[in-house]
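A.B. asks: Here is what each chain is made of, one letter per residue.
Protein chains: 2
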Amino acid sequence: MLEYRSEELSEDQLAREREVKGGLAQSTRELVDAVIRSTIDDEELGEISTQIETLTARLRTSQIEGSFGVALSGDEVRNHGNAVVGLRNAIAPPLEVLKTDEGRAWADFTLGAAYEGPPGLVHGGVSALLLDQVFGEAAAAGGSPGMTGTLTLRYRRGTPLGNLHAEARIDRVEGVKTFVTGFIGDADGPTVEAEGIFILPKWARDLFEPKPFE
Amino acid sequence: MLEYRSEELSEDQLAREREVKGGLAQSTRELVDAVIRSTIDDEELGEISTQIETLTARLRTSQIEGSFGVALSGDEVRNHGNAVVGLRNAIAPPLEVLKTDEGRAWADFTLGAAYEGPPGLVHGGVSALLLDQVFGEAAAAGGSPGMTGTLTLRYRRGTPLGNLHAEARIDRVEGVKTFVTGFIGDADGPTVEAEGIFILPKWARDLFEPKPFE
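Quick note, the sequences are listed as chains G and D, same order.
Counting in numbering that gives the first Met the number 0, the first sequence runs from 0 upward without gaps.
Counting in numbering that gives the first Met the number 0, the second sequence runs from 0 upward without gaps.
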């Protein structure tokens, strides 16, 4: 069973967290990009490594054990460590996923050098990573949350780095299984199409009463 | 058609690149982890953001346009920007993928806070991301390289953060299609099983003569 901790935070505290901790992660995303692309000389790269290590040591003077987990604060799900949407995770683009309670979810975002696979293209696995998140959010938004059971991806053409769009919707619900379809693509349309089945874990079946999906 | 550039580098230059540029990315990976987990006060977090921005500006005084791409240097494929295996990419764990020319590939690795989805578990999409890379490397190692055509993932149970293993092998080759199977898992066995079809792109069919796979 998964542990979600509860943390009461005021609106002011939540806003300050977005500004300060979100800002730190955004600075780190820019650093990740620059580390890949820089052509400055080795000596200076070595100096910068040393300075990064100093900053990391300062951050680690006080830190949580293990991973961030998920905190529930009023209506807000603070999954700030999440690899796709996490406010504090520099690996996450992060996606800002919009959704409706009819079980639709979508996001517009830009992927740069850090998400590359083949030259100039998004790594095929990155498309899978992002779709898994958007699909799961569609299932949850429609009242049928679940863990990924299966995910099937069909790659139609290469996904160029740059401005992209992903979307998902619940196709149908059968008991504890929620069937989701969607795609990722660019201005010319879908590049990767997918289907997923999300399954409400046994331990959660008393907590969530799946609502009928029309 | 994808562009792979050719860059002649000496053994010494390659070793120095691994040390200096690989070292910088490794420092940055540690920073990414600390940014998620730190509990130091907001004022100091703000100072650290500012210092990171200064380092990023220094790195950007000279940088390549766009993404890193893939450089061929003798026998070495320098895909250092790759989101899964890239030496210079702090998003990549990075996986060190071992392989045989019979079309097998595997990796042992550790995933921490930056790869989280549900509390304490690897993001389901991260498993897909890593498997896509290991599967593609198995196909290529067996002499049947290709771009991901389809990828089907079955999630058997949650994948805990920590020490993990992924492996893949070519199941069969049918013309330009290479069928690969494999899994990611922990010490207790597979957590996510998958099948993939990798397809040699039309533009590459004159470059690669697929060898028969026994």
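Since the hints were derived computationally from the structure, they do not count as laboratory data.
Note that CB positions come from ideal geometry on N, CA and C, so glycine has one too.
There could be a bad hint or two in this list.
Coverage of chain D stretches by chain G, computed from C-beta distances (three or more under 8 Å per stretch; other residues unrestricted) [stated by the list, open to error]:
id	segment
1	94-102
2	123-130
Cβ-Cβ distance ranges computed for the label pairs, FRET-style [stated by the list, open to error]:
id	chain 1	residue 1	chain 2	residue 2	range
3	D	S61	G	W202	32 to 38 Å
4	D	R204	G	E173	17 to 23 Å
5	D	D41	G	T49	24 to 30 Å
6	D	D11	G	G65	39 to 45 Å
A.B. asks: Is 32 to 38 Å a correct range for the gap between the Cβ atoms of S61 of chain D and W202 of chain G?
C.D. replies: violated (53 Å)
A.B. asks: Holds or violated: 17 to 23 Å for the Cβ distance of R204 of chain D and E173 of chain G?
C.D. replies: Violated - the Cβ-Cβ distance for R204 of chain D and E173 of chain G, about 42 Å, lies outside 17 to 23 Å.
A.B. asks: Holds or violated: the segment 123-130 of chain D covered by chain G, criterion of 3 or more residues with Cβ-Cβ distance under 8 Å?
C.D. replies: Since 7 is at least three, the answer is holds.
A.B. asks: Can you let me know if the beta-carbon spacing of D11 of chain D and G65 of chain G is within 39 to 45 Å?
C.D. replies: Holds, at about 41 Å.
A.B. asks: Checking C-beta pairs, does the segment 94-102 of chain D have three or more residues closer than 8 Å to chain G?
C.D. replies: violated (count 0)
A.B. asks: Can you tell me whether the CB distance of D41 of chain D to T49 of chain G sits inside 24 to 30 Å?
C.D. replies: holds (25 Å)
Hints 1, 3, 4 from the earlier list are contradicted by this structure; the remaining hints agree with it.
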